[in-house]
Amino acid sequence: MLATALALLLSPAATAEAADNEFLVRQAVDFYCGSMKSENPGRMTDYDRGLYEGMAIGFIFGQYPKQADFVEKLGEDRFNGLFYGGIRKQCPSKSFD
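In the numbering used here, the protein residues as written are 430 to 526.
Take these hints with a grain of salt, some might be off.
The list that follows gives simulated cross-link-like pairs (lysine-lysine, DSBU-like), each with its CA atoms no further than 30 angstroms apart [as the list claims (entries may be wrong)]:
1) K495 x K518
2) K466 x K495
3) K518 x K466
4) K502 x K518
5) K523 x K466
6) K523 x K502
None of these hints come from the bench; they were simulated from the model.
Given the structure is predicted, the values throughout are model-derived calculations rather than measurements.
Between the sequences and the hints, there should be enough to build the whole structure, so can you do that?
Here it is as C-alpha cells:
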C-alpha cells in the first residue's frame, strides 16, 4: 500500500501537476510583491489588502486559464498556505502577519 501511494506521488503526472501548482503560486506571489512595492501594509485597509491579493490571483487565472484547474485542485487552505508563505519569503515587509 505504501509503495502504491509513493508511486502515485512520484508519477510524472503528479510531479507535473505539483510543478504547475508551484509555478502558478510563484507567479501570483511575484505579481503581489511587485504591485505592493510602493505600498505600506500598516496603512492599508482590509479592502486594500483584498484588492491586491485578488489582483494577484486574478492575474494567474487570466494569464494561465488552462492551468486554473490546478489551482482549484489545490483547495483554498493549501493555496493560501503556499501564497502567504511565498509572500513572507519573497517580500516579508509586504506581509500582513
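Hints and how they fare:
1. K495 x K518: holds (27 angstroms)
2. K466 x K495: holds (29 angstroms)
3. K518 x K466: With Cα atoms ~15 angstroms apart, K518 and K466 stay inside 30 angstroms; holds.
4. K502 x K518: holds (24 angstroms)
5. K523 x K466: holds (8 angstroms)
6. K523 x K502: holds (27 angstroms)
Comparing the model with each earlier hint shows no violations; every hint is respected.
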